[in-house]
Amino acid sequence: MALTPAEVRTIARLARLAIGEQDIPHYARNLSRILEFVAQLDRADTRDIAPMAHPLDMAQRLREDVVTETDQRDVFQQNAPQVQAGLYIVPKIIE
Amino acid sequence: MYTHTLTELARALKARKISSEELTCTYLARIERFNPELNAFVTVLREPTLAEARAADARLAKGDAGALAGVPIAHKDIFCTAGVKTSCGSKMLDNFVAPYDAHIVTRLKQAGSVLLGKTNMDEFAMGSSNETSYYGPVKNPWDRTRVPGGSSGGSAAAVAARLAPAATGTDTGGSIRQPAALTGLTGIKPTYGRVSRYGMIAFASSLDQAGVITYTAEDAALLLNVIAGFDARDSTSMDRPVPDYTATLQQPLKGLRIGVPAEFFDAGLDAGVGQAVQAALSIYKKLGARVQEISLPNFSLSVPTYYVVAPAEASSNLSRFDGVRYGHRCESPVDLMDLYTRSRGEGFGAEVKRRIMTGTYVLSAGYYDAYYLKAQKTRALIRRDFLEAFRSVDLIMGPTTPTPAFKLGEKTEDPVTMYLNDIYANGVNLAGLPGLSVPMGFVDGLPVGLQIIGNYFDEARMLAAAHQYQRETDWHRHIPKGFE
Numbered sequence: 001m002a003l004t005p006a007e008v009r010t011i012a013r014l015a016r017l018a019i020g021e022q023d024i025p026h027y028a029r030n031l032s033r034i035l036e037f038v039a040q041l042d043r044a045d046t047r048d049i050a051p052m053a054h055p056l057d058m059a060q061r062l063r064e065d066v067v068t069e070t071d072q073r074d075v076f077q078q079n080a081p082q083v084q085a086g087l088y089i090v091p092k093i094i095e
Numbered sequence: 001m002y003t004h005t006l007t008e009l010a011r012a013l014k015a016r017k018i019s020s021e022e023l024t025c026t027y028l029a030r031i032e033r034f035n036p037e038l039n040a041f042v043t044v045l046r047e048p049t050l051a052e053a054r055a056a057d058a059r060l061a062k063g064d065a066g067a068l069a070g071v072p073i074a075h076k077d078i079f080c081t082a083g084v085k086t087s088c089g090s091k092m093l094d095n096f097v098a099p100y101d102a103h104i105v106t107r108l109k110q111a112g113s114v115l116l117g118k119t120n121m122d123e124f125a126m127g128s129s130n131e132t133s134y135y136g137p138v139k140n141p142w143d144r145t146r147v148p149g150g151s152s153g154g155s156a157a158a159v160a161a162r163l164a165p166a167a168t169g170t171d172t173g174g175s176i177r178q179p180a181a182l183t184g185l186t187g188i189k190p191t192y193g194r195v196s197r198y199g200m201i202a203f204a205s206s207l208d209q210a211g212v213i214t215y216t217a218e219d220a221a222l223l224l225n226v227i228a229g230f231d232a233r234d235s236t237s238m239d240r241p242v243p244d245y246t247a248t249l250q251q252p253l254k255g256l257r258i259g260v261p262a263e264f265f266d267a268g269l270d271a272g273v274g275q276a277v278q279a280a281l282s283i284y285k286k287l288g289a290r291v292q293e294i295s296l297p298n299f300s301l302s303v304p305t306y307y308v309v310a311p312a313e314a315s316s317n318l319s320r321f322d323g324v325r326y327g328h329r330c331e332s333p334v335d336l337m338d339l340y341t342r343s344r345g346e347g348f349g350a351e352v353k354r355r356i357m358t359g360t361y362v363l364s365a366g367y368y369d370a371y372y373l374k375a376q377k378t379r380a381l382i383r384r385d386f387l388e389a390f391r392s393v394d395l396i397m398g399p400t401t402p403t404p405a406f407k408l409g410e411k412t413e414d415p416v417t418m419y420l421n422d423i424y425a426n427g428v429n430l431a432g433l434p435g436l437s438v439p440m441g442f443v444d445g446l447p448v449g450l451q452i453i454g455n456y457f458d459e460a461r462m463l464a465a466a467h468q469y470q471r472e473t474d475w476h477r478h479i480p481k482g483f484e
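Going down the list, the sequences are from chains X and Z.
Just so we're aligned: 35 in our numbering is position 35 of the first sequence, and the numbers increase by one with no gaps anywhere.
Just so we're aligned: 46 in our numbering is position 46 of the second sequence, and the numbers increase by one with no gaps anywhere.
Calculated directly from the structure, the hints in this document are not laboratory data.
A couple of the hints might just be wrong.
Said to hold, decoys possible - Calculated cross-link-like contacts (lysine-lysine; reagent style DSBU-like; alpha-carbon spacing at most 35 Å):
hint : chain 1 : residue 1 : chain 2 : residue 2
1    : Z       : Lys85     : X       : Lys92
2    : Z       : Lys481    : Z       : Lys109
3    : Z       : Lys285    : Z       : Lys17
4    : X       : Lys92     : Z       : Lys91
5    : Z       : Lys91     : Z       : Lys109
6    : Z       : Lys91     : Z       : Lys14
Unchecked claim - Ranges between beta-carbon positions, derived for each pair:
hint : chain 1 : residue 1 : chain 2 : residue 2 : range
7    : X       : Ile49     : Z       : Pro36     : 49 to 55 Å
8    : X       : Arg29     : Z       : Ala247    : 51 to 57 Å
9    : Z       : Val44     : X       : Val75     : 23 to 29 Å
10   : X       : His54     : Z       : Ala82     : 27 to 33 Å
11   : X       : Arg63     : Z       : Ala61     : 39 to 45 Å
12   : Z       : Phe442    : X       : Arg63     : 47 to 53 Å
13   : X       : Ile49     : Z       : Glu22     : 54 to 60 Å
14   : X       : Asp23     : Z       : Pro243    : 48 to 54 Å
15   : X       : Asp23     : Z       : Ala82     : 36 to 42 Å
16   : Z       : Thr26     : X       : Pro5      : 54 to 60 Å
Cβ coordinates follow ideal geometry from the N, Cα and C atoms, glycine included.
Only chain X is shown next, with the shape it has when bound in the complex:
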């Protein structure tokens, strides 16, 4: 499974990663190598095997509908790159 540079650009766009054009061949090579390696799973006989998403058979717990977290917006926003009046600032998305 060899990925083309165009495919790598598509994956990078889907993953929201800016990859420099000079690095594309490098990622194409590495990712192809990884996909070739994992392709050996094809040979495993998995007929009638239920897919496993999680190691433990456990159900999600329910809890009382009560407040467990208090508002800590100011604390959390200390880590934000740009805030204004308690809001996170991003480039304009609606003209």
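Given chain X's structure and the hints, the job is docking chain Z onto it.
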């Protein structure tokens, strides 16, 4: 002082033979002296640490102190520590100060421990050599031209060099066991769900588990007593009682059934490592255990399965780093897409990007069934093999790694060569089982580890087996040259 085990230090502190302040000063001085060349710590606190130590001494004087009162420890920089930078080894979080403590940080604090600092790690815990860290590679104290393993490489190097008597770690595919093995230490990854992951930065959520790196199984038992147990803030935390792991360390091994997977001894295993495993097994026989060969027929599928499942989950987990609420943001973004892509492109290193892209690919329309769904099925086969084996044995043993520590830069060129270093470790995470590594000797002067795999929630039996092996051997007492 620094050559003692955590258990010995806790006891000496309780008996007031030493003070936490002098002990802490000893470690801080060693960190100052040795860290510049090892790069094991990324954050050292000093003043707050000394204040904590003095407070611990005051509590010890009053006699109302916890199990770890005054004991200095280090945290892997993947665990959130309130008010302290928590970088996860990434440029993305180089400016991130955690607003709260991770569950195990709280637990260890409540038990009275003193935080020395945060340890270096592979970026977002993705790596087996600690070479993917934004803060540079960590050196192995046994040979500074070699890697300490990863991703908890800073924790392992710090403990091995006696810069801290114990450190926390996380293990998604071997990240506690492999560095412990490569630095001559004991490392335990508990059962999935045994220790809360609240405040532990997520990599692959169906695999991640927190644990510790120590000198002895006894030390690991003492720490596991503190960190294990239910926490409502982690939806995968298991609500079941925590035994006193230190109470059962002496449980006789007579009649213990040890299974040794034939598949672990194929061509990829270094001959010296194989011989060390056989020597360890002969000690278990002497202790009354019965050793039998078993088979894990789908063993060869574990690394490829892991490298579909883990990147898929990582690509989803790491989508939260978007340059909006916290973490790195690029300069002057022109629009939202530019903000996302450049912030992420600049903030993540090459290995993290590789895994995000692998995960994105295997989850994308048209490839999901062939890769992700297939891997979920082979994962089920891998678990089934383990469950089948545990019908006839109590513990599974084998090598932790195929070779001793490799050279810095030796495996960075080809990602798959690096991945194969965790060949004996990945399956344990895929099944969700507990795994432990204990020092079992040296190959070419470098430490190697024996892996002990237990059934679900059977950590007590694994620790007892490791403890009694350590009473018969002194591999865990060796200190690397220059750090005595």
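Hint check results:
1. Z:Lys85 / X:Lys92: 31 Å, holds
2. Z:Lys481 / Z:Lys109: This hinted pair holds, its Cα atoms lying about 32 Å apart.
3. Z:Lys285 / Z:Lys17: Status violated; Cα separation ~39 Å.
4. X:Lys92 / Z:Lys91: Holds. Lys92 of chain X to Lys91 of chain Z sits at ~26 Å (cutoff 35 Å).
5. Z:Lys91 / Z:Lys109: 28 Å, holds
6. Z:Lys91 / Z:Lys14: It is violated: about 41 Å lies between the C-alpha atoms, which goes past 35 Å.
7. X:Ile49 / Z:Pro36: 49 to 55 Å: 52 Å, holds
8. X:Arg29 / Z:Ala247: 51 to 57 Å: 54 Å, holds
9. Z:Val44 / X:Val75: 23 to 29 Å: At 24 Å between Cβs, range holds.
10. X:His54 / Z:Ala82: 27 to 33 Å: 30 Å, holds
11. X:Arg63 / Z:Ala61: 39 to 45 Å: 41 Å, holds
12. Z:Phe442 / X:Arg63: 47 to 53 Å: With Cβ atoms ~51 Å apart, the hint holds.
13. X:Ile49 / Z:Glu22: 54 to 60 Å: 59 Å, holds
14. X:Asp23 / Z:Pro243: 48 to 54 Å: At roughly 51 Å between Cβ atoms, Pro243 of chain Z and Asp23 of chain X fall inside 48 to 54 Å, so the hint holds.
15. X:Asp23 / Z:Ala82: 36 to 42 Å: 37 Å, holds
16. Z:Thr26 / X:Pro5: 54 to 60 Å: 55 Å, holds
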